[in-house]
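So the chains spell out like this:
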Amino acid sequence: MNKREGEGCPHKNSDAAQDRDAGSNPSSPVITAFKVFQQELDTKHDKYERLVKISRDVTIESKRTIFLLHRVTSVPDAEQVLNEADVKLDGVRQKIGQIAEELRGEDIYQFHRAFTPGIQEYVEAVSFLHYIRHRSLISLEQINARLVFMRNGKMEAQGSAEAVPLAAQVLTFQVTPSDYLLGVADLTGELMRMCISSVGNGDIDTPFQLSQFLRQIHDGFSYIGNTGPYEVSKKLHTLRQSLGKVEDACYTLRVRGSEIPKHMLADVFTSRTTVIDPEEGVV
Amino acid sequence: MSVSEMFSYIQGFLTADHDIREDIRKVVQVLEQTAREILTVLQSVHQPSGFKEIPSKCAKARELFCTVRTQIADLKTKFPAEQYYRFHEHWRFVLQRLTFLVAFVVYLESEALVTREEVAEILAIEVVREKGFHLDVEDYLAGVLIMASELSRLAVNSVTAGDYNRPLRISNFINELDSGFRLLNLKNDPLRKRYDGLKYDVKKIEEVVYDLSIRGLAKESESGGDK
Chain A
37 MNKREGEGCP
47 HKNSDAAQDR
57 DAGSNPSSPV
67 ITAFKVFQQE
77 LDTKHDKYER
87 LVKISRDVTI
97 ESKRTIFLLH
107 RVTSVPDAEQ
117 VLNEADVKLD
127 GVRQKIGQIA
137 EELRGEDIYQ
147 FHRAFTPGIQ
157 EYVEAVSFLH
167 YIRHRSLISL
177 EQINARLVFM
187 RNGKMEAQGS
197 AEAVPLAAQV
207 LTFQVTPSDY
217 LLGVADLTGE
227 LMRMCISSVG
237 NGDIDTPFQL
247 SQFLRQIHDG
257 FSYIGNTGPY
267 EVSKKLHTLR
277 QSLGKVEDAC
287 YTLRVRGSEI
297 PKHMLADVFT
307 SRTTVIDPEE
317 GVV
Chain B
6 MSVSEMFSYI
16 QGFLTADHDI
26 REDIRKVVQV
36 LEQTAREILT
46 VLQSVHQPSG
56 FKEIPSKCAK
66 ARELFCTVRT
76 QIADLKTKFP
86 AEQYYRFHEH
96 WRFVLQRLTF
106 LVAFVVYLES
116 EALVTREEVA
126 EILAIEVVRE
136 KGFHLDVEDY
146 LAGVLIMASE
156 LSRLAVNSVT
166 AGDYNRPLRI
176 SNFINELDSG
186 FRLLNLKNDP
196 LRKRYDGLKY
206 DVKKIEEVVY
216 DLSIRGLAKE
226 SESGGDK
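Residue numbers (the working numbering), protein chains in the order written: chain A, 37 to 319; chain B, 6 to 232.
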């Protein structure tokens, strides 16, 4: 309960200041009004901080899930890894449920900045898992469909001030289209890494599938262009780089795949990507 | 759903979002124009001749607030009521200016701090979020801070115009405002930045009061905080 202490100190200071300035009139309408504002602002800031904290947890757990999913290319039993990732993501969804709980009755855009990084990371993780399983892009509806929460008693304690009608027993969290878009843009970076590592494991098919898929996503982003949010145009640049790397990988495989023994492919490939890297920085 | 289908769905959403923002921008532009007109009307109180005309200027400003009310009513129709904060940035600035103008008018009339409820009433908006288009507490406070710097200017100009008592009353008022703001635990945000400027306004008014009292121009009896 650090927060309480942190709050106490400035409060004492301001009390002293108040004695000095308006000591003759501590209960003036102005001071009374500002006491109300103080409460309102503190409540808002506290909620914001709580959301930031949950969002950070969501980010960390999602990142771990992504790392876990990268192991899929190197282990024999992919299904086991995927199931483990599913369990992890369930935990993440629990946390998003907490966000939804905090936001009940609020305007989600008021606190959007507090949790958008976490949500983007979640979209990245969940779409990565979906791609590995189904080789397709998860849709926004599919993501949102899994973010429906039943309310449980424990959360009641920190519930928002206003009375909640009985109909609000089921909580939903809606990922905004922009968050979805940014999450998908991040996904492409993961797909690029997956492509490179799968070559390292002698998997020849996956890179071609991935380049196909990445091209589709790239086309999609080009279609949206700069009509989207500001961050999209920034991510588009990284997306181009990722696509370039994957396309180069496929090129190398095609050209040299026939002449080099399979077990040496990985070596050829890694030496080639290191040559590409510095060029990429210039572009 | 294929990748391209998904992207055209998102694109549709983005276009709709863009259109709403365009609409809002247009209305806000008109609103800003009206706010500037009101400001021009009120600026004349800084003229030496303007001090006698304060009541008539305030009345004129209040008339113009009727226009503001219809324009805000128009703005309300441009977006879904529950998505206030999604588009907040568009009218945040103008709403702060309007709050300042309302607060200034009310101060000139009654020398008291306008309450958030009064501002909301004059602008025909709500105080609490649940009821629709409302005045965010931070915007209200920002508006009040703009008024503080306007008052420090008024204090200087009222001395020039020969009104030696007004600065003392303004000084009391600003000091009270300052202690009010000190109650708040502000985060490192725009409001905090603006609040940091308040001490310069306080300082300036204190200098004016000092100049007056050292020359015996201020009557001691006036300095005991009325109000």
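The reader is advised that the hints may include incorrect statements.
Said to hold, decoys possible - Derived pair list, reagent style BS3-like, types lysine-lysine, alpha-carbon separation capped at 25 angstroms:
#, chain 1, residue 1, chain 2, residue 2
1, B, Lys198, A, Lys80
2, A, Lys80, A, Lys99
3, B, Lys62, B, Lys81
4, A, Lys80, B, Lys62
5, A, Lys89, A, Lys124
6, B, Lys192, A, Lys71
7, B, Lys62, A, Lys71
8, A, Lys80, B, Lys65
9, A, Lys83, B, Lys57
10, B, Lys136, A, Lys89
The hints are simulated quantities; they were obtained by calculation from the structure and are not laboratory data.
Point to revise | Violated constraints from the hint list, given by number and in increasing order | key: Hint check: 2, 3, 4, 7, 8, 9 and 10 fail, others pass.
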